[in-house]
Structure formats: structure tokens, C-alpha cells
Amino acid sequence: MTRAVPTRTRRTGRIPIALLVPATLGMVFLVLPLVGLLVRTPWSTLPQRLTEPGVLTALRLSVQTASLATLLCLVLGIPLAWLLARVSFPGRRVVRALITVPLVLPPVVGGVALLLVFGRRGLVGSWLDSTFGVTVPFTTTAVVLAEAFVAMPFLIIAVEGALRGADTRYEEAAATLGAGRWTTFTHVTLPLVAPGIAAGAVLCWARALGEFGATITFAGNYPGRTQTMPLAVYLALETDLEAAIVLSLILLTVSVVILACLRDRWISSP
Amino acid sequence: MLGGCAEDPADPTTGGTGIGGELTVFAAASLTESFTRIGRDFEAAHQGVKVTFSFAGSSALATQINQGAPADVFASAAPAPMATVTEAGNGDGEPVTFVRNQLVIAVPEGNPDRVTGLSDLTRPGAKVALCAEQVPCGAAARMVLDAAGVALTPVTLEQDVKAALSKVRLGEVDAALVYRTDARAAAADVDGVEFPESAEAINGYPILVLKEARNTTTARAFVEYVRSDTGQAVLTEAGFQAP
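Sequence order for the protein chains is V and C. Going by numbering that gives the first Met the number 0, the first sequence opens with residue 0, and the numbers climb by one from there. Going by numbering that gives the first Met the number 0, the second sequence opens with residue 0, and the numbers climb by one from there.
To be clear, the hints were calculated from the coordinates, so they are not data collected in a lab. These numbers come from a predicted model, not from an experiment. Quick reminder that beta carbons are idealized off the backbone N, C-alpha and C, glycines included. A hint or two may mislead.
[To be verified] Covered stretches of chain C (in silico footprint by chain V; criterion: 3 or more residues with CB under 8 Å from a CB of chain V, positions within the stretch not fixed): (1) 57 to 64; (2) 129 to 141.
[Claimed, not checked] Some residues of chain C that are not near chain V, with every Cβ distance over 12 Å (derived): (3) Thr35; (4) Ala44; (5) Gly47; (6) Phe52; (7) Ala79; (8) Gln158; (9) Arg183; (10) Ala187; (11) Asp190; (12) Glu193; (13) Asp228.
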């Protein structure tokens, strides 16, 4: 212990001021808005506001749709990530670029695009409407689709990274011992990359929970059916700043808890 | 745009009238087309003036102003958002009503479902978009529906009147309650069906020079211009009614 202290002091002393100052400013810039939210939170009326029926309805819908969206992302995203990591096919780089586009696309553009496909006059939507009488917009399904669209790249990137980092010798050994491809995938590959899948799923869930632009564009806003927490925040801001702050605080708390759990696996991985 | 734009009233570039420099106007989304034109006309009438608009929902704009957003003039689509600004002490003088607006039923062009009044919107399977009650067009919609005794369940409560209108344009809903001016601005895609109950909720649009205006003289001149015959002509053409 006594030895370690001088070493650490010397190390701290070597941090160039040219790095320390912008690093501190960067941290302040990212954290200060969150502090602002906390400072302005009406703590005294918080308990009543949290139990208002509209708040709980929006929170419940948010949690449900984000979970369903994550499930959808797992079912479709893991095979896709596996394909990208393990199979060499022409145009793989283009495919990877295309499926990660929602990461950088403004979510409202995603919402417009979803409308043009699944809307009543959309490519798939018009067929659904004329054949089955099903319309997707303004339903909870639309919320799940919007959230899955923006969140799935997070899962795919995490799982693909894990698959690329995994040691393929275990899979080869399983194959040598007579395991089929599916058995190898479910009994060897999946357990091997389980931590990566878990990290990707949590990040995917957190992104889905915060989705706003695609949801309001594609799914609309109706309490109990499509009004998730971010939409409730936006509308609360129209009339009641305090209500908007309280709703924001709930989303912030959930996000921080989720991301804090991820710290070692995702944020501070080398 | 962010400060440092204040003009010295004696500045020679303003031609001695004190009117010049940059002007930031926060205006309701429903004023987008007419104010954009009025802004260009105002710039043409006063050399050296540059008018910048921020169009959004009135309530969102009011919140931004009360949180210190740099604006010289605020034009709201209803008295309530304006009241939050004046009650917070952010107004310079009293707001004046410069136009009124009324709701119509926006339907796809040609009115395929033959909608003639509010009661047609409750037909089984009819998909209708309203504005959320937190924004002026939603509050007005609630008033006319209550006045007409029509129990209407919309499929969505949109965040502003333009969003409700775009759901009609995209064909995702069969109808939406929007302002007459918005339906007229979108006349290529939608028809506006007038209905008598809309008289129950005629929105007055107040306009006000803000206390924090960096350019009070120009801001006052702009408000005068909006209320002048020239300004009113543009607004009437857009479908607004005189105050």
C-alpha cells in the first residue's frame, strides 16, 4: 500500500494539462444537462406525479414495447450477426453498412420510411390492408417495429463483435465430435458469446426505451396504445414543464441504471 | 442569431428610422407559409433587415421563450401559450390579436369518403387524427366536438397541426381536424370540409414584442407590419380571418 501511493502520485503528475482540461470540460458538458434536470426536479411533488395514471400507463407501455422490440431484435439480429461474422459472401460490407444505417439515420427519417413500407398505402402495408384488413400505424405493433428498427443495429454490432472475438476452435472441436451445425450453434457458439448477446440486448433495450422520432412519426401518439415515455415527455412540455422534468427523470434513471450495469462489459472494454 | 446582433438606433445603415439588423420571430407552426412571405416583404420594405423565423407548436415556443431562448417577437396560435409568456413577465406591453383561425375537416383530395360534417367521422372504421389537447388545435378540436356532442375516438393525437395534416396527406388517416389555413396550404393533397360547429372554437392569434428583444424598434415595426393592410392581405389569402 505505502509503495503504491507514490507510484500513483507520479502517474497523476504526468497527465498532460492539455489533455486534462478538455477531458474535464467534456465530462462537464455531458453531465451538466443531467444535473440541470436534477436541480429543477420538483422533489416535493414527485411522489404524487409519479403515481399519476398517465405516467404509469406510458411507463408500462414503454417497458413492454422495448422488451418486445428487444425480443424481436434477438430473434432476427443474432442470426444476422452470425451471418456477418462467420460467412464470407459477396457484398458483406455493403450489407453490414446497410443494416447499421439506423444508427446514424435521424429516427424521424426511419419513421417516414416505415410509413412508406408498412403504412396503409405502403409497399407491404397496402397488401396487408387489402388482404387481411390489417393496418399497422397507430398500433402498439407499430411502436415495437419502430423501436426494433432503430435498436437492432446495437444488438447486431455487439453480437458480431463477440462472435469475431470468440475462439472458433471450440466450434471446430464440437463438429469433430459429431455435433451438427445447429447443435454446434446452440450448444457451443451461443454460450460462448452469451455475454456479448446480453450486453447487446441491454443496449438495444435502452435504445428502444428512448425511441422518439420514429415512434411519433410511424405509430402516432395515443395514450395507452402508442404513447411511450418519450412522447409523453414531449407533450407534457407543451403545457407543464414540471411534468416533463419528472418524466425525463424517470427515463434518465432507468437509462443510467441500465448502462451502469453494462459498464465493465461494454463501456470500459479495451 | 445568438446575441450580439443588437442594433444601435443611430446606426447609419438603418437609414435613421432605427429599423434594421436581425430579427428573430418565434411563430406558431400554422403561420409558416404566411409569415415566411410577410418576412420577405418586410425585408424588402426595410433595407438591412434580416428576419429569421422559428416555427413550432405555440406551447413549445412559449416554453423556449420562458427558458431564455433569444427571440424578439412571439406570435402564438392561441391565447393560452401567450399567457404563459406574459405571466412569466417576458412580454413588452400587451399582446394584440392579429388574426383568427377556424377548424375544418381535412380529407384526402376529392373527398373519397364523402365527409360532410363531424358526425361522418364516427363511422365504423373511420380513422381520424386529432391534435393532442395540450396544443391549441387539439384544444379547439375538443371544444367543437363537445359542442357538437360528437363522441369521436381518434387513432392518434398528434403533436401539432402539421403532423395531423401530414397523416391525411400520407393516406394513413381518413380525416383530421386542422385549421382552415393548413388545409388551404395543402390544397394540392387535401380538401378542407367546413362544418358549422367550428364557430365554437375560433382561435385568436396574439402577437407580442418580447422584453428580452435585442431589437425593439424593428420588432415593433414588424408587429405593425403584420397588422397593416399589406400584412393582413397575405394572412387573409392564406385563409385567416380578420381579428
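Hints, one by one, checked against the model:
1. 57 to 64: The restraint on the segment 57 to 64 of chain C holds, since 3 of its residues have a Cβ under 8 Å from chain V and three suffice.
2. 129 to 141: Since 3 is at least three, the answer is holds.
3. Thr35: holds, 22 Å
4. Ala44: Holds, since 34 Å exceeds 12 Å.
5. Gly47: The claim stands: Gly47 (chain C) keeps its Cβ more than 12 Å from every Cβ of chain V (closest is about 36 Å).
6. Phe52: holds, 20 Å
7. Ala79: violated, 8 Å
8. Gln158: violated, 6 Å
9. Arg183: At about 23 Å from chain V, Arg183 (chain C) clears the 12 Å cut-off, so the statement holds.
10. Ala187: Check passes; 17 Å lies beyond 12 Å.
11. Asp190: holds, 18 Å
12. Glu193: holds, 26 Å
13. Asp228: Holds, since 34 Å exceeds 12 Å.
Consistency note: the structure conflicts with the earlier hints numbered 7, 8.
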